[in-house]
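Protein sequence lines, in the order shown, are assigned to chains F and S.
When you number the first sequence by the numbering used here, it's gap-free, plus one each residue, and the end is 251.
When you number the second sequence by the numbering used here, it's gap-free, plus one each residue, and the end is 229.
Since the hints were made in silico from the structure, they are not lab data.
Quick caveat: nothing in here was measured; it's all calculated off a predicted structure.
Backbone N, C-alpha and C define an ideal beta-carbon position, used for all residues, glycine too.
Watch out, some of these pointers could steer you wrong.
Some residues of chain S that are not near chain F, with every Cβ distance over 12 Å (derived) [claimed, not checked]:
1) Y115
2) L190
3) I215
Footprint (simulated), chain F over chain S, 3 or more residues, beta carbon under 8 Å [said to hold, decoys possible]:
4) 37-48
5) 105-113
For reference, the chains in residue letters:
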Amino acid sequence: MYTNGYIFRYAAIMVIIAAAVLSTAAMFLKPFQEKNMAIEKMGGILISANIEGIETENTIEMFNQYVVEELVVDQDGKIVESFTEGKKETAKAFGLNLKTQLYKKSQGENFELPIYIIEKDGEKTYVFPLRGVGLWGPVWGNMALGSDFNTIKGVTFDHKGETPGLGAEISTSAFEEQFKGKKIFDENGNFKSIKVVKGGAQTLPANQQIHGVDAISGGTITSVGVNDMIDNVLQGYLPYIQKEK
Amino acid sequence: MSKETKEREPLFSPKNIKLLTGPINVTNPITVQVLGICSALAVTAKLMPAIVMSISVLVVMAVSNVVISFLRNGVPPRIRIIVQLVVIATMVILVDQILKAFVYDVSKQLSVFVGLIITNCIIMGRLEAFAMSNKPWPAFLDGIGNALGYGVILIVVAFFRELLGSGTLLDMQVIPQGLYDFGYVNNGFMILPPMALITVGVIIWIQRYYTRELIEDN
């Protein structure tokens, strides 16, 4: 009684209806979702710079209050755009897609990267967004450096879908707190990045420990991903940092 | 109709009421049928995600039960499971998108578990066992009933886990600071998944003790 023709027609119509419903919903909900993602991005930038009291409702306001300048720098460390007036979320730096820019970097092409300068109590903090790969998908975050461009004031990490309890621990404060006070340059001014060390930073030689943090047990691939992300992205900022130091 | 005297069944006939209340106690999907345990363990560390998860499952279950019930006479039996899955998956993606748009924080906490509603055996089970052979209204009640039965357990488990594990309810501190000063500490073990299983076990125990129908003869 149910011919093959009927079954095929039935399946085809059902799938088309489902697709229509879903794409309509996606279109209507996109602006709301994008706003949420922008708020999350702003929150991450502010938290890495140790700004306190951030709630979902006041993030945009706080972002405009504390971020004094947004820079776009190119591969030679030249400032392409400096944004100081107007709504901070409309700046070119904020709209820059880190993924595309880092791809260009890996291909040896010209690229542009954003920097956020945050001022609190007359002290300037430079926030560098990061992006890399973990075990299951992308990992990203922000690193805030003091005005010496060497000492880390704070970091935030987040991830798409690292293993809960293992790799996903990178976004916990226990992991992030370790980075505070670490340095990315040694005394001679050589770039050292921050090593995420399996077995713990105390296994490093004493003079290297200031450049290392403990990796996460059971989350080695994610830890290595974070390690490579910091190194790779900071390399991109290095020309700018060397110039400003 | 051969019998003209046959009256329409009232919307809330005793039989229909039973569809609604049965799953909350004697046919509870979690404690009696032991279905949907994995999500019950995963999202009950805090009360808020448990509530949102319960509401999401309620919506998905009620709507897909009704949709499948309307389609039940046209669905070719050979692809009925696929049809059920398409309906559930569509609903789940919709719910996920809506959560992402309006309660972004919670949707981040629930992360993959919203997507995993698709594989929640309670939903597939009710579609296959009930909605495929019943009219839309009873199917709707059955969906609501089962989702409530699922949600009640989730919320009870989450209540105890958050209270004892973090000392908070809905992220508000309820255990007074004075108690901590006396040396009380939060039980970190409550936050881990094994304690959810034990809490569910305790609920099953209490339920079996008080519910006559569930007491086995020997």
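We went through each hint and held it up to the structure:
1. The claim that Y115 (chain S) is not at the interface with chain F is violated, since a C-beta of that chain comes within 12 Å of its own (minimum 4 Å).
2. Every beta carbon of chain F lies more than 12 Å from that of L190 (chain S), the smallest distance being close to 24 Å; the non-interface claim holds.
3. Here I215 (chain S) stays apart from chain F, with its beta-carbon at least about 26 Å from theirs, past the 12 Å limit.
4. Only when three residues or more bring their CB closer than 8 Å to a CB of chain F does the claim for the region 37-48 of chain S stand; here the count is 0, and the claim is violated.
5. Under a criterion of three residues with beta carbons nearer than 8 Å to beta carbons of chain F, the stated coverage of the region 105-113 of chain S is upheld, 6 such residues being counted.
Hint violations for this structure: numbers 1 and 4, all remaining hints satisfied.
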